[in-house]
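Engineer: So you can see what is in the structure, the chains are spelled out below.
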Amino acid sequence: MKIAPEFDYSTLLASSIHEVKNSLNMLLNSIDQVVTEYDEESCPAYKAFSQIQYESKRVNDDLVELLAIYRIRNNQYSANIDEYSLSDFLHENIGQHEAMILNRKIDYKIDCSDDLYWFFDRDLLTGVISNVINNLYKYTKDKLHISAVRDEEYMVIKIIDNGPGYPEDMLISNDDNQKSISFDQASTGLGLYFSRLVAELHKNKSRHGFIKTTNEGIDGGGCFSIYLP
Amino acid sequence: MAIWSLKGKKVLIIDDFQEMRVMLRTMVEPLAPEMIKLAQNGEDAIECLENTKFDVVFCDYNLGKGKDGQQVLEEAKHRELLSYDSIYMMCTAENTSEMVMGAIDYLPDDYISKPFNRTVIHARLKKQLEKKENLKDISKAMADKNHKKAIAHCDKLLQDNPPNRLDLLKIKGDLLTTLGNYDVAADLYEDIIEERDIPWAYLSLGKVRFLQDDFDEALEVFEGLVKENSSNVAAYDWLAKTYEAMDELDKAQEMLNIGVIKSPKSLIRQRKLAQVAYKNEDLETAQSAFEHAINVGQHSCYKQPDDYNGLAKTLVDSGHADDAFNVVEKMAKDFKNDSNAEMVAAITKGMVHTSKGDKEAAEQCLEGAMELFNQNPQGLSTDIALELTDLCLSAGKEEDANEITKNLVRNHHDDKKLIDRTKKIYADAGKSDAGAALIDKTTTEIVDINNKGAHLLKEGKLEESIELFMKAARGMPDNTVVNLNAAYSIMMQMKKTGKIKKYSSRVESYLERVHNIDPANKKYHEMMEMLQHLCAAKPKAKAA
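Sequence order for the protein chains is S and U.
Going by our numbering, the first residue of the first sequence is number 1, and it counts up by one from there.
Going by our numbering, the first residue of the second sequence is number 1, and it counts up by one from there.
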């Protein structure tokens, strides 16, 4: 077999991810069904199912992130920024995690005014939030609060929990946002790197978006904020 | 439990995966629609849409071989298979930004990224239903082509400073632009931009500047957009359009090249690049772009035989006449039972034979083409009609050439560029005088008809004037002036009789023609308004 000299990695990546995501989509929906319809008593394998559900959601979100990062870095991503209702957006994001939240008996709260509208790329921000929530499952005791408010020239989405909080090397302050974004496995991890890229892609009147991580959550739990101009 | 529902609504689900179709159906079923139909590819979907008016369509973007989700949407809207209040949801396993970039004419109401669950589908549907309800009056007025009324409805909703204020302003800006109220539209966009950097507001402002023939200003706006975001393909398209209008074809091609690299799936963009490159005598680019246009257009409602003709011409010019014959063969295969395509194929084949010096074969093709032309003289685009004129002249068939030219002039006597191109063809064939005389004579005929009709109107001889213009419009259906006059004379009659359905629908069809030929025609909007005014008036009481 001859191998063509020009190799379009982007197309290969995009089309394989398309295939994989279609399968994952089916997988996720089937598991969601099992997990919602049964419980630990009626299904002995319930715990395993719930683990599969969690991991496949993560695989899906990681794939989305990888592809987005690839495109952003290659200037192939055209941010599709439009105006959306934050209340609708947050409810929809929590809705995507409904089965997991129920299953882990997490007490969640959405705090957002009905008339708050803002400008953002819905796909990208969904990726960011999904990533934070996926991590939060691992660490939170039982709480998840998500809120959106106007803060002067920005809109801030804040996600807090009552877990042990971020380790020291994952705390991102305002100063860190001044530094150029690089991927450093040791300190940030894929998720936070992606979040910073996404924040940076949101611009208005020479202002850029940024993220913050602190341990000002419930009882010293983690607090993730993304600021969008 | 849902307190709202899809009661009485018809839903179409299009996906190439059987499991996905079934899954979506299970998600939508609890909303109790009247009907749920499933389609597994674009062609099936179009057939469903032809047979039933659907209220909600879920369509996967990637449908395997054949049409993709965007092409289904384009064809459905283009052929008016979907009504203005229907909802089109594009589902996708990929990120949506690429789809938005590829789309030029029609955008779906919403994009949904996979994976999604029932909660999300329901929330999105509910949101869209509310949106349609909120914009109902505006959409209705737009569907009736009553733009002023639509603007009035926008203003009414804007009074309360609603959360969807920017949506409304966007619609209003588009309406103002369509009506040719460029100054007002530009002010509206500038106000928005002052508040916030919104790409669509810049893009729309640039369009308005372009329409105002303020090309420098337009360039500045579009350049600002690509500087801010180097992936803004729409801005590159408009940069190309502006450079083209400024006759800077090299730069136009450069912009189109960038657009095509970033978003290669658009037929219209590939076609434009091919045409510009051909004019620039960059045959290599022209060939590649025509080939792409033909490939991506395979399943599109915008596919045209002209692209095949363009490819064949490019091949002939670059010394590959034999390959050009293959293109003609492919054209015959790709357009079955299409007499216009048959005509273009005959002309193209004639052109290739002419280039090879095979006079006899060329003549045979031209005879076939002329036969088809005489059956349907309006079937050719102006470019191909000019090409046919040229071929006829070089084959010594001056009478045929004159027939085509007469038809062209009758339909486009006020298009100066086209008239000049026609004159040049005659001049190149050494028949400069004969060409000019023919064109002048035909133009005079039309001017005479218009003057005579106007005179009859003035004298109050309404019926005679109507008869004259209607006859003229039959003979020259693409002539804007004649169509406008025909519409006007009938409306004069309606002033007397009040609204009569037969009259108003005739006026509408004449105006519709004008709008299709020249969307920016100012008179069109004036007359549309006049018609709406006449239709709104109470019917006149019968004389005692």
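Take the hints with a grain of salt, since some may be wrong.
[Said to hold, decoys possible] Using 20 Å as the maximum straight-line C-alpha spacing, the simulated EDC-like pairs for lysine to aspartate or glutamate come out as follows:
1) U/K416 / U/E228
2) U/K65 / S/E19
3) S/K205 / U/E194
4) U/K132 / S/E83
5) S/K203 / U/E190
6) U/K131 / S/E216
7) U/K126 / S/D8
8) S/K203 / U/E459
9) S/K47 / S/E19
10) U/K170 / S/E83
11) U/K359 / U/D415
12) S/K205 / U/D197
13) U/K132 / S/D169
14) U/K127 / S/E83
15) U/K170 / U/D247
16) U/K127 / S/D8
17) U/K495 / U/D448
18) U/K132 / S/E19
19) S/K205 / U/D85
20) U/K265 / S/D8
21) S/K205 / U/E220
22) U/K132 / S/D8
To be clear, the hints were calculated from the coordinates, so they are not data collected in a lab.
Engineer: Each hint: holds or not?
Structural biologist: Consistency of the hints with the structure:
1. U/K416 / U/E228: 39 Å, violated
2. U/K65 / S/E19: The given pair, whose Cα atoms are some 15 Å apart, holds under the 20 Å limit.
3. S/K205 / U/E194: 9 Å, holds
4. U/K132 / S/E83: Holds. U/K132 to S/E83 sits at ~17 Å (cutoff 20 Å).
5. S/K203 / U/E190: Holds. S/K203 to U/E190 sits at ~18 Å (cutoff 20 Å).
6. U/K131 / S/E216: Violated, at about 38 Å.
7. U/K126 / S/D8: Violated. U/K126 to S/D8 sits at ~41 Å, over the 20 Å cutoff.
8. S/K203 / U/E459: Violated, because 65 Å separates the two Cα atoms, which is more than 20 Å.
9. S/K47 / S/E19: 28 Å, violated
10. U/K170 / S/E83: This hinted pair holds, its Cα atoms lying about 12 Å apart.
11. U/K359 / U/D415: Outside the cut-off at roughly 33 Å; violated.
12. S/K205 / U/D197: OK: S/K205 and U/D197 at ~6 Å, within 20 Å.
13. U/K132 / S/D169: Roughly 49 Å between the alpha carbons, so the hint for U/K132 and S/D169 is violated.
14. U/K127 / S/E83: 14 Å, holds
15. U/K170 / U/D247: 31 Å, violated
16. U/K127 / S/D8: 39 Å, violated
17. U/K495 / U/D448: Roughly 26 Å between the alpha carbons, so the hint for U/K495 and U/D448 is violated.
18. U/K132 / S/E19: Violated. U/K132 to S/E19 sits at ~34 Å, over the 20 Å cutoff.
19. S/K205 / U/D85: Roughly 36 Å separates the two Cα atoms, so the pair is violated.
20. U/K265 / S/D8: 16 Å, holds
21. S/K205 / U/E220: 17 Å, holds
22. U/K132 / S/D8: With a Cα-Cα distance of about 42 Å, the restraint between U/K132 and S/D8 is violated, given a limit of 20 Å.
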